[in-house]
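Novice: Letter by letter, the chains look like this.
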Amino acid sequence: MIEVSALSKRYGDFTAVRDLSFTVQPGEVLGLVGPNGAGKTSTLRSLAGIIPPSGGTVRIGGIDLAAEPVAAKRLLAFFPDEPRLFDYLTVRQHLNFVARIYGVADHAALAQSLLEELEIAEKADQLPGELSRGMKQKLAIACGLLHSPRVMFFDEPLTGLDPLGIRRMKDSILRRARDGAAIVLSSHLLHLLEEVCSHVLILKKGEKIAHGSLAEISAQFAHGETGVSLEEIFIRATGGSEN
Amino acid sequence: MLGALLYLRLTSLKNLLLSRLRRLRQPKYLLGAAVGAAYFYFIFSRPFGGSGRPSISSGSATAASFTLLSAELLPLLSVFGAFALVLIALFTWLVPSEKPGLTFSEAEVAFLFPAPISRRRLIHFRLLGAQLHILLSAIFFTLLSRGWSFLGGHVLTHIVGWWLVLTVVNLHFTGAALTLNRIFDAGISVWRRRLVILGGLAVLVVAAAIPIWQNAPAFPTGNFGPGAFFSAIARTIDTGLLSWLLYPGKLLLAPFLAADIRTFFFALGPAALLLAVHYFWVLRLEVSFEEASVAHAEKRAARVGRFQAGDYRLGSAPVKARREPFPLRVPGRPELAFLWKNLLGTRALFHWRVWAGCAVAIMIGVPWIIRAGGEAPFAAIIATVAAVFAIYTLLLGPQLARQDLRSDLPNSDILKTYPLTGWQILLGQLLTPIAILTGLLWLSLLAVMLALAPRAETVSWLTPGFRLTAGLCAAAVIPALCTLQLLIPNAAALLFPAWFQSTRTRGGGIELMGQRLIFVIGQLFVILISLLPVVLSCALVIFASQWLIGPTAAVVLATLLALAILAAKIAVGLWWLGERFEKLDLATELRP
Numbered sequence: 009m010i011e012v013s014a015l016s017k018r019y020g021d022f023t024a025v026r027d028l029s030f031t032v033q034p035g036e037v038l039g040l041v042g043p044n045g046a047g048k049t050s051t052l053r054s055l056a057g058i059i060p061p062s063g064g065t066v067r068i069g070g071i072d073l074a075a076e077p078v079a080a081k082r083l084l085a086f087f088p089d090e091p092r093l094f095d096y097l098t099v100r101q102h103l104n105f106v107a108r109i110y111g112v113a114d115h116a117a118l119a120q121s122l123l124e125e126l127e128i129a130e131k132a133d134q135l136p137g138e139l140s141r142g143m144k145q146k147l148a149i150a151c152g153l154l155h156s157p158r159v160m161f162f163d164e165p166l167t168g169l170d171p172l173g174i175r176r177m178k179d180s181i182l183r184r185a186r187d188g189a190a191i192v193l194s195s196h197l198l199h200l201l202e203e204v205c206s207h208v209l210i211l212k213k214g215e216k217i218a219h220g221s222l223a224e225i226s227a228q229f230a231h232g233e234t235g236v237s238l239e240e241i242f243i244r245a246t247g248g249s250e251n
Numbered sequence: 003m004l005g006a007l008l009y010l011r012l013t014s015l016k017n018l019l020l021s022r023l024r025r026l027r028q029p030k031y032l033l034g035a036a037v038g039a040a041y042f043y044f045i046f047s048r049p050f051g052g053s054g055r056p057s058i059s060s061g062s063a064t065a066a067s068f069t070l071l072s073a074e075l076l077p078l079l080s081v082f083g084a085f086a087l088v089l090i091a092l093f094t095w096l097v098p099s100e101k102p103g104l105t106f107s108e109a110e111v112a113f114l115f116p117a118p119i120s121r122r123r124l125i126h127f128r129l130l131g132a133q134l135h136i137l138l139s140a141i142f143f144t145l146l147s148r149g150w151s152f153l154g155g156h157v158l159t160h161i162v163g164w165w166l167v168l169t170v171v172n173l174h175f176t177g178a179a180l181t182l183n184r185i186f187d188a189g190i191s192v193w194r195r196r197l198v199i200l201g202g203l204a205v206l207v208v209a210a211a212i213p214i215w216q217n218a219p220a221f222p223t224g225n226f227g228p229g230a231f232f233s234a235i236a237r238t239i240d241t242g243l244l245s246w247l248l249y250p251g252k253l254l255l256a257p258f259l260a261a262d263i264r265t266f267f268f269a270l271g272p273a274a275l276l277l278a279v280h281y282f283w284v285l286r287l288e289v290s291f292e293e294a295s296v297a298h299a300e301k302r303a304a305r306v307g308r309f310q311a312g313d314y315r316l317g318s319a320p321v322k323a324r325r326e327p328f329p330l331r332v333p334g335r336p337e338l339a340f341l342w343k344n345l346l347g348t349r350a351l352f353h354w355r356v357w358a359g360c361a362v363a364i365m366i367g368v369p370w371i372i373r374a375g376g377e378a379p380f381a382a383i384i385a386t387v388a389a390v391f392a393i394y395t396l397l398l399g400p401q402l403a404r405q406d407l408r409s410d411l412p413n414s415d416i417l418k419t420y421p422l423t424g425w426q427i428l429l430g431q432l433l434t435p436i437a438i439l440t441g442l443l444w445l446s447l448l449a450v451m452l453a454l455a456p457r458a459e460t461v462s463w464l465t466p467g468f469r470l471t472a473g474l475c476a477a478a479v480i481p482a483l484c485t486l487q488l489l490i491p492n493a494a495a496l497l498f499p500a501w502f503q504s505t506r507t508r509g510g511g512i513e514l515m516g517q518r519l520i521f522v523i524g525q526l527f528v529i530l531i532s533l534l535p536v537v538l539s540c541a542l543v544i545f546a547s548q549w550l551i552g553p554t555a556a557v558v559l560a561t562l563l564a565l566a567i568l569a570a571k572i573a574v575g576l577w578w579l580g581e582r583f584e585k586l587d588l589a590t591e592l593r594p
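Order-wise, the sequence lines are chains A and B.
Each residue of the first sequence is one higher than the one before, counting from 9 in my numbering.
Each residue of the second sequence is one higher than the one before, counting from 3 in my numbering.
If you're looking for bench data, these hints aren't it; they were derived computationally from the structure.
For each residue, glycine too, the CB sits at the ideal point set by N, CA and C.
Be careful, since some hints might not be right.
[What the hints assert, rightly or not] In the DSSO-like style, the derived pairs of lysine-lysine whose C-alpha atoms are separated by at most 30 Å in a straight line are:
| # | chain 1 | residue 1 | chain 2 | residue 2 |
| --- | --- | --- | --- | --- |
| 1 | A | K213 | A | K178 |
| 2 | B | K322 | A | K131 |
| 3 | B | K322 | A | K144 |
| 4 | A | K216 | B | K322 |
| 5 | A | K131 | A | K144 |
[Said to hold, decoys possible] Pair ranges (Cβ atoms, derived):
| # | chain 1 | residue 1 | chain 2 | residue 2 | range |
| --- | --- | --- | --- | --- | --- |
| 6 | A | R18 | B | H126 | 55 to 61 Å |
| 7 | A | T31 | B | P29 | 41 to 47 Å |
| 8 | A | S29 | B | L538 | 38 to 44 Å |
| 9 | A | T167 | B | Y41 | 40 to 46 Å |
Bound-form chain B, shown alone:
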C-alpha cells in the first residue's frame, strides 16, 4: 500500500517538475527563472559578513578575532537556538494553527479516505509527504548558512542538522495539533484549554524566574561589546528550571552546531532519540483526524478557488464589516467613493484617528526620549531609524500597499461599466495607497525633524523658520511622490497584465520569484529615471536663487517647481493609463 502512496507522491512530483520546466518555454517564465537563479547565486555565493570569507589560516588579525568570536558564539547559538525552539513549542500549544494535525488535499481526501488504507498508513503517507519539503528546506537553509564559516562542520552535517531540527519541529506541530484535537474531542473548550496552558506557563515562568533572580549574573559595566552583552543574557537564560527546558533544544541543535565529524556523530544519537520519541508520540495518538482534515481540505480548495478568481488574500480568517472611514455623501466626487471603498478593505489601523494618535505620540515621545536619554545617541538613532523607514516606505511601499487597481483588476468588467473615464477610476483607486504611504512618510518626517531639532539648533543657518519651511515643503511633495511611485506598479499591471497576474500566483518556484524581482527592480529603475530631472531642476533653482531671495524662499520655489513637474508627470500618467484601462480586456490578455 505504501508503494502506491509513494507512487502518487513521486509521480506528482515528477509531473510538477515537468510542468515547471515546460512553462519555461514562455519567455516571461524563462526570464524570471534566469533572474531568480542569478539572485540565488548571488545570495548563496556571498560569504557571511559581506566582504570576503575570513580565513583562519590567513593568520591575520581578522582571522584571530573571528576564531575568538567562534569560540564565544557557538554556546550562545546553542542557548538562543534552544530558547527559540522552546518559544515555538509554547506558541504551538497556546495558539494552535487552524490546520489540523495532518493536512490532506481534496483529491487525497476523495481518493485515500474511502480506500482500504489504515489510519497508521495515512499518517505515514502524510509524514513522508512532509519530508520532501523538509529536505528541500534543509538544503535551502544550509545554502543560506554556508557562509557562516565560524560554525565549522561540513555541508552534509549541516544538511542533516537542519533536517533533524525541521523534522522534529514538524512532528511536534503534528503531535501538538493531534493532542489538542483529542482534548477538543473530550469536550474541553478553547478557553479552558488556554486557561490550563496559561496557568502551566505562569508556573513555569515563576519557577524559571526565581533562580534567575537569585543567581542573576552581573551585566558588564562600562564599554562592552555585543559579545559580552549576549553572553550575559545567555547566562541569565540558561539558569535553573529554564536550563532544563532548554536541554532538549540544545540536544537537537547539537548536530548542526558540531564543529567536526566526531562531535557530529556523538551529537547524532540524542537528537535521533528525540526524533524517535516525537515519531512514536504522533503514531500512537489515537485521534480521529479525518473530519478536521476534510474540513481543512475544503477550506483550502475554497481559498484556491478564490485565488484563481482573483481574490489574493492569503488569510483564512473571515472578513468582518468595518466602520466607515468617513461618511460617503451623495452627490460628490466619484473618485472619493473608491477611496472610501478601498479604505473599508484595509485594516482598522489605517484610520485618521490612529494617524493623529501616532503624530501626538511622536511629538511628545521623541523630545522626551532625547531629553531623558542624552541628546546625541538617541537623536541619531531615532533620526536614522525614521529616515531608513521612510526610504523603505517610499521605495518598497508601493509593492506592499496594493489597495488600488491591482487588487480590483478582476472586477475590471464592472468598473468599466461605471459612467467614469479611465483616469477617474485609476485616480480613485490610487487614493487609498497614496493616503497610507503619505501618512507613514509624514510620521517619519515628523520624527526626523524632531530628532534632529536639538542638533540643528547648533547650525546657524538652520533657523527654526527655515526648518519649518523645509519640513512643510517636504510634506507637500510626499503625496505627489507617492502618487508617481504608485503609478508605476499600476502601469505594470495594466501594460503587462499576464506578467502581473502570474506573479500573483502563490509559491511557484524560482521563475515566479524572478518575475517578482524584475517588477521590483523595474519600479526602482523607473522611479530613479523619473525623479532625476525633478531633483536636478530643484537643485539648480536652489543654487541659482538662494543668493537673491534667501535659502527659505529658494526652497519654497524649488518645491513649487518640483510639484509642477510631478503634477505634470502624474497627469500624463493618469491620462495615458486611464486610456489603457479603458481598452484593457483582461480575459484576452490572460488567454494562454
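Just chain A, with the same shape it has in the complex:
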C-alpha cells in the first residue's frame, strides 16, 4: 500500500533523509522513531505529499505520488501533531468542506456516524474556538477519516491528549489498521509504539538503522537477552545519542 524507494530529502547542503526504502502493507502500523533531527518529520511530510522529496519514489496504493499527486492523495490522510482547523467553520462545516474537496458524495450520513463515533456530535454547530484541545483533535481526525483513506500518516498523534484521549486514539489507530488501512506514525513515545505498531523503522541522521516487525527488531538488538524493553532497544540502536 505504501512503497518507498530510495527516498531522500535535502535542504541545501543538509541531507535530512538519505536513501530510505520500505513498504507498509494493508493492516500494518509502522512506527517511525528516532532521536531529534533524525528525519522523521521530513519523511512523514514527504510521504504525505506535503513537501516534494529530493530523490526516490513514493507510491501510495500503487500510484506514484510525484507523477500523479492528485490521484495518490485521494487515498491518504495526514494527521498533524497540532489540529489545524479553520476558525470560522463549525464542526459540521469542516466535514462539509472536506467532503467537497474529496468529492465524498454521501457525506452527510458518513459525517454523522463519524461525529457520533468520536463523540462530538453534540458539538456539530460549534466553532473550533469553542472546543477543547481534545475535541479539536477529534474533529481533525473526523476530517481525515471522512473520505475513508486507505493510507494514514500520524505525526505525534498523542500530543496534548489526556489519558482517555490517548486510549481512544490508540484504539482508533488499531481499528483502522484492522479494517485494512496502512498506517505510518511518528512518535517519541515508545510505549505507544509497543502497544500500537506492528512494525518499527528506526532512523538516525536521516538513515535507516533498523526496520522490521517488533519481534524482528527485538531479536536484532536484544543480543540474546530476554525481556529487553523497546526503550532499551531504541537506545542500543541509536547509540544513545542524537549524533
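Dock chain B against the given chain A, drawing on the hints supplied.
Specialist: Just chain B now, with coordinates in the frame of chain A:
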C-alpha cells in the same frame, strides 16, 4: 523597590533595542529599516500644505493670508480639540475597553504580584511604564506637527504639550476603567451602568442643546470660506453648558497651542493641575485590579500564542458561527469550497444580499441626490468620490482583503494533502477577495456611471448605448484585474515567505514598517508593468478599429483583447504559483 522595577523596565528596553539592532544584520530588516527611515524622513521633513513652508517674514500675499488664518485658527483648534477630548472621555465611560485599568504582562503577573510590593507601587510601576510610550508618542506627534508653522511655539513646548495631553488622557482611561471596575464590584450590571451613563448623557445633551438653540449664531450666507463655516460651528459648540464641559480640555491643550514661551508657562500651571488631579484620582482609587489584570494577561498571552501559530486576527472578540454564504453541494468544483470557506470567515457584510441592497440604494439614491441638489456640484462630487474609492480599492484593496492563501499559509500542510493541484488551491483561495473587490468596484462603477449620466447626455457621441456598452465592458474587465492584483501579494507570500511572515508581526519598529512599504510599492510597480501592455494594446485597437466598426464595437473588441491578455497572464501566474505552492515547505523557509 521602585529601583528594582525601574531596573526591570530599563533593562528590558535596552535588550529590546539591542535585539532590534542585532536583527538589522539580516538584509531584509536592514533594507526595511532603510526604507522606513526614508519614509519618516520624507514625512517629517515635509512642510504643512506640501508646497514649501510659508514664511511670515517673506511679506508675500501667502504669508499675509497665513497669518490671518493662524489668528482665526488657533481658537478653533482649541474648541475642536477640547470637543474631541470630551467625546473621548464620554466614549471611555460609555464603551469601556476590555482591558483592565492597569495591564500587566504574564511575566509581570508571575513575578510582581506574589512579590512583597504594595499595590500603590504596582500602580506607579504601571504608570511609569506607560510613560515611555507616551513620551515616544509625544515626540512622534511633534515631528508630525512640526510643519504646522501657524501654531507658533517651540519644538520643546510642543513635546511637553503633547506629553501633557497624552498623559492626562492615559490617566483618564486608567481612572475610568478602575472606577468602572469598582462599580462592577459593587454588583451593578453593565446595562444598569450604561443606562445611568446614557441618562446622564441625555441630560447633558439637553442642557447643552437648549442654550445652543436659543443663542445659535447665524451661519454666514452666500459664498463663504471654510474658515467662516468652522468659526460658526465653533461658536455654536462653545455655548452654555457645553462651554463649561470644554473648559478642562481647553486648559489641557493650552500649552501645546501656546504661541510663545511666556504664554506656554502661563498655560502650564492649569494643565499640570489637571494632571495632578487625575494622578491622585487614580492613586486613591481603592480597587482590586489584580484579578482583571491576570485575566487580561492570560488573554494577551493566548493572543500572542495564536499570532505565533499563524492566526493574525487582531480582535479579541470571540468568533461566532455564521450563516453559510451559499449551500455547498457535493459533488462540485472543489475551488468553490474555498470560496465558501473563506466567505464564512469574512464579515456578514460580504453577503450577496448586502451587495444587492447597496446596488439598489445607489441606483435610487444617486439620481435622486443629483436631481434634488442641483446637477453639477453633486454629480461631480459623487463621481469623484466613487472614482477615488475605486482606484484605492483596486490599488490597495489586495493588501487589505487577505482572505486567501496569505491567511491560510499556516494551514499549508493540510491544504497540500488535499487531492488538488497547486493552481486549484490557489485559485480557490483567491476567489473570496476577488469577489469582495469586484463587488466594491462594480458598485463604484455604477455610482460613477449614474453620476455622470446627466453630463454625458450633453456630449453627442456618448450615446446611451455606448455608455452602457462601455460600462459593461469595464465591469467585465474588473474581475480579471482584481485577480491579477491579488496574484501579486500571494506571489510575494509564496516567493518570499520569510519576508512575508516577518511583515505580519505586530508592531516591530521602523524596519518592519519599511518591509511593509516595500511590499506595497512592489505591488504597485508590478501591476503597472503588467497592465502597460494591456492598456497600450487596447488603445491601439480602439484607435485603429473605431473608424471601421464604430466606437461601441471598438470598445467591445478592445475589451475582448484585454480579457484575453489578462486571462493568459492569470493562467500563467496561477500555474506557476501553484507549482511553487506545491514545492513550498514553510517550515524550512521560516528557519532562521
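Novice: It remains to establish, for every hint, whether it holds in the given structure.
Specialist: We went through each hint and held it up to the structure:
1. K213/A x K178/A: holds, 28 Å
2. K322/B x K131/A: Within the cut-off at roughly 14 Å; holds.
3. K322/B x K144/A: holds, 16 Å
4. K216/A x K322/B: Distance of about 48 Å is beyond 30 Å: violated.
5. K131/A x K144/A: Holds, at roughly 10 Å.
6. R18/A x H126/B: 55 to 61 Å: holds, 57 Å
7. T31/A x P29/B: 41 to 47 Å: holds, 45 Å
8. S29/A x L538/B: 38 to 44 Å: Given about 56 Å between the Cβ atoms, the range is violated.
9. T167/A x Y41/B: 40 to 46 Å: holds, 44 Å
Of the numbered hints listed earlier, those contradicted by the structure are 4 and 8.
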